[in-house]
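Chemist: Build the full structure now, drawing on both the sequences and the hints.
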Amino acid sequence: MVEHEKMKVEETTAVIDAQGLHHRVLNGLIKKAVFEGAKKLRILNVHGQRYIGAGLSHGVEVEIHGTPGGDLASFMGGSRITVYGNVEDGCGNTMAGGEVVVHGHAGDIVGYAMRGGRIFIRGCVGYRAAIHMKGFQERKPVLVVGGNAGDFLGEYMAGGVIVLLRLNGSGEREGKANFLGTGMHGGTIYLRGEISGLNNHVRSVEMNGEDLRLLRELVEKFSRHFGYDTDRILKDGFTKLIPAARRPYHEHYS
Amino acid sequence: MKSYLLSEYLVQVDGDRCTLCLACVVQCTYGVFSHNRESRGLSVRSEKCVNCHRCVIFCPVQAIAVVKNPTAYRENFYWAEKTIRATVSQAEKGGILLAGMGCDTSMPVYWDKLLLNASQVTNPSIDPLREPVELRTYLGSKPDRLEVCDSGDGPVLETAIAPQLTLETPILFAAMSYGAISLEAQEALAQAALEFRTLFNAGEGGLHKRLYPYGGRCIVQVASARFGVHIDYLNAAAGIEVKIGQGAKPGIGGHLPGEKVTREVSETRMIPEGTDALSPAPHHDIYSIEDLRQLIYALKEATDYVKPVFVKIAAVHNSAAIASGIVRAGADAVVIDGMRGATGAAPLVVRDNVGIPLELALAAVDQRLRDEGIRNRASIIVGGGIRNSADVVKAIALGADAVYIGTAALVAMGCSLCQKCYTGKCPWGIATTDLEISKRLSPDTASRRLINLLQAWSLEIKMMLGGMGMNSVESLRGNRLHLRGVGLTEGELKVLGVKMAGE
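First to last, the protein sequences are chains A and B. FYI, my numbering numbers position 161 of the first sequence as 161, with every residue one higher than the one before it. Counting the second sequence from 1 gives a position; my numbering is that position plus 254.
Hints are computed from structural coordinates only; laboratory data are not their basis. Be aware that one or more of the hints could be misleading.
[Stated by the list, open to error] These stretches of chain B come out as covered by chain A in the derived footprint (C-beta under 8 Å, 3 or more residues): (1) 346-356; (2) 533-545; (3) 549-556.
[Stated by the list, open to error] If you want a taste of the chain B side facing chain A, the calculated C-beta under 8 Å gives, among others: (4) Ser343; (5) Ala479; (6) His484; (7) Ile485; (8) His509; (9) Gly512; (10) Glu521; (11) Gly528.
All residues carry an ideal CB built from backbone N, CA and C; glycine is no exception.
Modeler: Pasting the structure below:
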């Protein structure tokens, strides 16, 4: 096993004290530990180090205590990262597999262009969440947000699933969709409650049995991660949004 | 609505020669020819012709000629045919006009106003027939200084060297995505790059699984929509290129029409079949040089710092300042794509009016990086308008480390510059994803044509270098004293950093 004054390894668990470590050193330690067989990583005192878990494709459990910096889990393949804190911008950027669970809020562009895996955010997300999210065949990326989302949620979305629970504060169930799903041409968005001001790239449709099954599965996972009551969340009505067209800008060209 | 558009071309079939073999019916993908069973003759619909030459070349008895329609528009100096045609077309359809390939307007071509030097008497020229001339090129960031220590066993290099890509000629194949071009065309580029030991660029459409074995000779792109990007894709490649802009359409994004998004393209791009592949201009995680740095380092972290990361921008007014930011953001190479650069589909108005000539942008970028003392930190690769080996040599003298060729490579494979790439019907099997059409292109034959082109240009480059008394392409890099300008204004000479011929 790799030796470093900031890392302690017991069997297949590595504990890293990230205090004062540059991202390159911290990520180097993570990669070395995984390369040498660590299955579980606990990273303590994280203060803004970027790119944690970038490209991590092995099935590893990572626990982060603190606030990781930008591009957490970017290009990640198949690991699980749990963050006890907030995350900055770009969490799950171009992620292809695995799971990210955030016990806090997330910055902008969560799940940008993600094409696999699942992200659960307990709190709110910033602007442009799940922009360019895409799915094909069996790949179906998922973003579940407990709170609310900034503008441009699901912009240019080409696949996958977004669930927006809006459990934060009062009056949260009736939001205005600022640019929600503009340019959307694939995938599905489920919103708890009603939404007004939809643009003409998305349309609201009735939920079917398959939707209810998927929604229950995702809300159950969310509730298990963050200690909510699934049935209480699900008893409220949900709005299902799908793209109005597969080629939203087709008519712009001759 | 009745169309007022005139046919651009007239297709003439010599009835005395035609044997009614119907090869033209099979070869034309635009539906110009059909067999008229009643009259037992050939029906020709000239209005559908794009003048791609496919029927002309494949007619076994040379019975076909395509000529410009003699019924000309009543054009004048101000309202040229192209302008009238665009106006009529938009009045009928109401949309943005698309075009394929690069800007074809009469902007100045600075390459043609720059002349190369040759040795006479003093510093005699080198005869490349009997002396080696080195074209090997290393792309990547170079250190500020080299530190060497004496180990007792001889000198040992102490400075860590950033990852470098080795090319046997300073010519790479430019980014052309699967979707914009066929898999057969990409495979031809891959094979040629492998055999000639240079690199091809898979563009922004992902890397088809059949091309993974060529990964060591491949630059993969990361563009705004992140098509086909995942860790195996990044790891498979020799280098990664962050695509910010493209010379053919600076400031706007890509838009692969749904017709071209077949099952295979969908799988490679990781998007649903039949949808438009939208790749808007901005990366939604990049709003500043600092953000660009974050993406560059996310890619480096994800791939363990073992491969160079390029950043590609279109040649625009502030290219020099932007390039400085790109280098400071940690890019290993700056790629500048000039306004003559081609594309599978761009709005005509953008293709022909946005961006600046590559020659000026290159000269400005190289000078700026030198002035700031950071030229060594990144290679400069230029594309978008390199037509022949002389352009390559002039680009290197203006400061490029290597060039990307796109249009020239397509022409080598059979492209006739008909500019209809966006229709997806390329009869040459190049700019199409229709498997029935693309199988016309044999990767083996096309790669042979590409290798021949690289070989011919490389021989010519060696000859020109030898003529200037140089035995290595390194000696010419940024060596503008070997260029002279003709017919250029003082301002143009100043930007290009070259003297007037005779000075």
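Chemist: Of the numbered hints stated earlier in the document, which are not met by this structure?
Modeler: none
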